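Number of protein chains: 4
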Amino acid sequence: DDPLVIAGRVFGSRLITGTGGAANLAVLERALVASGTELTTVAMRRMDAEGGTGVLDLLRRLGIEPLPNTAGCRTAAEAVLTARLAREALATDWVKLEVVADDRTLLPDPVELLDAAEQLVADGFTVLPYTNDDPVLARRLEDVGCAAVMPLGSPIGTGLGIRNPHNIEMIVASAGVPVILDAGIGTASDAAQAMELGCAAVLLATAVTRAQDPERMAAAMRAAVTAGRLARLAGRIPKRFWAQASSPAP
Amino acid sequence: DDPLVIAGRVFGSRLITGTGGAANLAVLERALVASGTELTTVAMRRMDAEGGTGVLDLLRRLGIEPLPNTAGCRTAAEAVLTARLAREALATDWVKLEVVADDRTLLPDPVELLDAAEQLVADGFTVLPYTNDDPVLARRLEDVGCAAVMPLGSPIGTGLGIRNPHNIEMIVASAGVPVILDAGIGTASDAAQAMELGCAAVLLATAVTRAQDPERMAAAMRAAVTAGRLARLAGRIPKRFWAQASSPAP
Amino acid sequence: DDPLVIAGRVFGSRLITGTGGAANLAVLERALVASGTELTTVAMRRMDAEGGTGVLDLLRRLGIEPLPNTAGCRTAAEAVLTARLAREALATDWVKLEVVADDRTLLPDPVELLDAAEQLVADGFTVLPYTNDDPVLARRLEDVGCAAVMPLGSPIGTGLGIRNPHNIEMIVASAGVPVILDAGIGTASDAAQAMELGCAAVLLATAVTRAQDPERMAAAMRAAVTAGRLARLAGRIPKRFWAQASSPAP
Amino acid sequence: DDPLVIAGRVFGSRLITGTGGAANLAVLERALVASGTELTTVAMRRMDAEGGTGVLDLLRRLGIEPLPNTAGCRTAAEAVLTARLAREALATDWVKLEVVADDRTLLPDPVELLDAAEQLVADGFTVLPYTNDDPVLARRLEDVGCAAVMPLGSPIGTGLGIRNPHNIEMIVASAGVPVILDAGIGTASDAAQAMELGCAAVLLATAVTRAQDPERMAAAMRAAVTAGRLARLAGRIPKRFWAQASSPAP
Chain A
1 DDPLVIAGRV FGSRLITGTG GAANLAVLER ALVASGTELT TVAMRRMDAE GGTGVLDLLR
61 RLGIEPLPNT AGCRTAAEAV LTARLAREAL ATDWVKLEVV ADDRTLLPDP VELLDAAEQL
121 VADGFTVLPY TNDDPVLARR LEDVGCAAVM PLGSPIGTGL GIRNPHNIEM IVASAGVPVI
181 LDAGIGTASD AAQAMELGCA AVLLATAVTR AQDPERMAAA MRAAVTAGRL ARLAGRIPKR
241 FWAQASSPAP
Chain B
1 DDPLVIAGRV FGSRLITGTG GAANLAVLER ALVASGTELT TVAMRRMDAE GGTGVLDLLR
61 RLGIEPLPNT AGCRTAAEAV LTARLAREAL ATDWVKLEVV ADDRTLLPDP VELLDAAEQL
121 VADGFTVLPY TNDDPVLARR LEDVGCAAVM PLGSPIGTGL GIRNPHNIEM IVASAGVPVI
181 LDAGIGTASD AAQAMELGCA AVLLATAVTR AQDPERMAAA MRAAVTAGRL ARLAGRIPKR
241 FWAQASSPAP
Chain C
1 DDPLVIAGRV FGSRLITGTG GAANLAVLER ALVASGTELT TVAMRRMDAE GGTGVLDLLR
61 RLGIEPLPNT AGCRTAAEAV LTARLAREAL ATDWVKLEVV ADDRTLLPDP VELLDAAEQL
121 VADGFTVLPY TNDDPVLARR LEDVGCAAVM PLGSPIGTGL GIRNPHNIEM IVASAGVPVI
181 LDAGIGTASD AAQAMELGCA AVLLATAVTR AQDPERMAAA MRAAVTAGRL ARLAGRIPKR
241 FWAQASSPAP
Chain D
1 DDPLVIAGRV FGSRLITGTG GAANLAVLER ALVASGTELT TVAMRRMDAE GGTGVLDLLR
61 RLGIEPLPNT AGCRTAAEAV LTARLAREAL ATDWVKLEVV ADDRTLLPDP VELLDAAEQL
121 VADGFTVLPY TNDDPVLARR LEDVGCAAVM PLGSPIGTGL GIRNPHNIEM IVASAGVPVI
181 LDAGIGTASD AAQAMELGCA AVLLATAVTR AQDPERMAAA MRAAVTAGRL ARLAGRIPKR
241 FWAQASSPAP
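Protein chains in written order, with our numbering: chain A, 1 to 250; chain B, 1 to 250; chain C, 1 to 250; chain D, 1 to 250.
Okay, chain A solo, but in the shape it has when bound (with noise of 0.2 Å):
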């Protein structure tokens, strides 16, 4: 009674997982299902190089909608290819766009990136850009076009989590689409924090497949998203400086 919709679909998980850096396909299957998300997202490029297709069937097999990604480009034109070949070889034009700029970051180049998602949208795609924390490039985005903003909590893969909440709520405040904060999740109360801001949805990837028990963090993690959510609509007590008693004194 309290789904996610991005571009009039419906999900009843906010909890949006990655693939990579799971140790083998039994492992990973256990924390899809232990996650309970319903949109997973899928490395183009690195599906290509492995030649697998045991991801895909895997989703197939479990009801979970695959979501492509354009991981390892580097330019507008490279993201837009990858896409373009990803709505073929998966029949969606879904697509989680990712441009970045170095790999000692992990960062979205924001020209680019913003190119690309203009391209992207131009072209019938349904385009959902993994983004910095900036809210003027989230703005932009969204003015392009993209059903969605996914800005970062930090980089990928660093653990820190949301290292500027203050920015996350300003986009939260000015956004028209859902805002899914997507990378830096290292744990899982900052996913919860990540919905108390307001956020629509979380997309993490390692912090459960590298955790040192998968299912569980997955589990967490599932958890963590559903806790966040709730407080968020729950509306919480306000912060003081002194302390106030629970109940008055006798």
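Hints are computed from structural coordinates only; laboratory data are not their basis.
Fair warning: this is a prediction, and the values are worked out from it, not measured in the lab.
All C-beta atoms, glycine included, are put in the ideal place defined by N, C-alpha and C.
Restraint-style ranges between C-beta atoms, simulated for each label pair:
#	chain 1	residue 1	chain 2	residue 2	range
1	A	Asn24	B	Asp102	56 to 66 Å
2	A	Gly63	B	Gly124	51 to 61 Å
3	A	Ala91	B	Arg240	31 to 41 Å
4	A	Asp102	C	Ala89	38 to 48 Å
5	A	Pro238	B	Leu62	22 to 32 Å
6	B	Asp2	D	Arg104	21 to 31 Å
7	B	Trp242	D	Asp123	51 to 61 Å
8	D	Asp123	A	Gly198	53 to 63 Å
9	C	Asp103	D	Val10	48 to 58 Å
10	A	Pro3	C	Asp2	50 to 60 Å
Using the hints, position chains B, C and D against chain A.
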């Protein structure tokens, strides 16, 4: 299969609640049910003052164990007396020990608290002391025989969350009894964080009872405690300064 | 013996100030003197609007180099035009480049900013761009020939300090030109922290001009920049989880 | 014109230093001079152990007042004895009172500390107690007659800075004697922050003596304490969520 054990008693839920701050008994009932709690503190002095046993009746009906507390006591003598009255009234030798120093901070008085704990242990009580986040005082309380230690995250009712995670980590690292985060929780991610730091349980009251929607916040806290506990057990990824791709570069 | 060098020019002070927000010229003068600054930004569009050259006269009298800025510009075209007018008016080819996206955040527009920087460099300007804290955009600005990069700590006038020290550290780690922390400074420790993170200088305006006592706050900022710079050079002690005695136990 | 006054004595510098951790007396001398300190703690038990009076001679030569401390004491009895020996040896009734609970945390034992403080005040000492950041204990120490309270920022030697600024603010809000931040300072911005929170002075040792360049770090700390004090007095700008232009829009 991962129960909370305090003084040999087993609890399925790691969320301990308080009753203070609830608008009325109907609201409280819905919140308690949504929280899944099995142990709930009750202010003895408040009950005396109000002459009401409504809360106790409610807990009995819901099958929730009441944990009398000594809220409002300022000295060891007062607290010991209150605990003894509670033992007679409720037929339990468990007590949540509170000895606060003043109204503005509601912080525990370390000297009076330790004194009261020692007396009550000697008198056969199972003592769960509300304490500040000082690792030394926590150890002293354990040394005199307390069954758990319950450090604050921040002062009662402030909703400031865990102001000093480093202290909580030090307390957990040294404790031989369960560490229960008590006071200061404002929202779900605070509760998840407490569990991730290694706390065995979380105790909260007004974060739920004074939320705009107490029932929904209770559900949030229940999920958050589960999330944080699972994340702790699952073994999170390490934090890194630079990024790391979830999948190998193509 | 540790001067700031930008584009070959040498400055004895690492504190760059702005003039906006000052109650009047007398207050501004005392603050500028107390700050020890040698370089001060002046809003060209504001000067047009107010028709006043009082600030420029003041800077000349105090021997402080004026640095025209393009505050209020929303597009590359506007900023380029403003910079050219400033060059004629002030006989300097230095410009602090600002291209903001909206009034609510006053955050830079990354696309327009990069475009303007490229044009101005090509036109022979020494460009000091006010940018967000995105390490990728900072690198792009350096790549197109900017003489420094000036990331924000937080949005202009918020006084929120450095919201994302991790980003500033990443920018410093990759930069080949001076990194100048610009915007968001609220108090002295913010300025010291900027220098400790490796910034070459700090630029601030309203933290001084709108303080209750601007002159005293200017002196505070001067000392803070010195303190942070010295601490960076001195090599701080590492952080530890557990304590370490300063002297051996007896 | 803004001196530090403790127990009626006036100090021009608000930076109190320790001598522990210095590589040798020559390094220590340069650091002390650069710090501008007028008051320096000396470990009495260490002096006994090492039989050296080199530090005391140095302080005398530099015109710096020695403040004997009871580092290494674990009980009130030990601390009282050490203080009395110090009084005879140094002909001063001032003492920095330390009673730590264990080697791993070096945190004060609240019960022993309070006991020792009471005894020493009764014996005519001017007592400056090293305490944790508990506002209640700070008040108790003031109530028994201590001339200052010296809460930690974080455990001795950790360099973690001020882990709980909220507690320091609560202590300052209630204190009638000077609050001196003692322990945990790692770098200059930590010292500035302490002063901004309202502390009257900062005490540190290894942040300087174990820095890579102790003399330069001493100069950094001197400037930082000045910066933080001036900023406190100058009245900082308020924090805002959204931006505010420093000059009116054109």
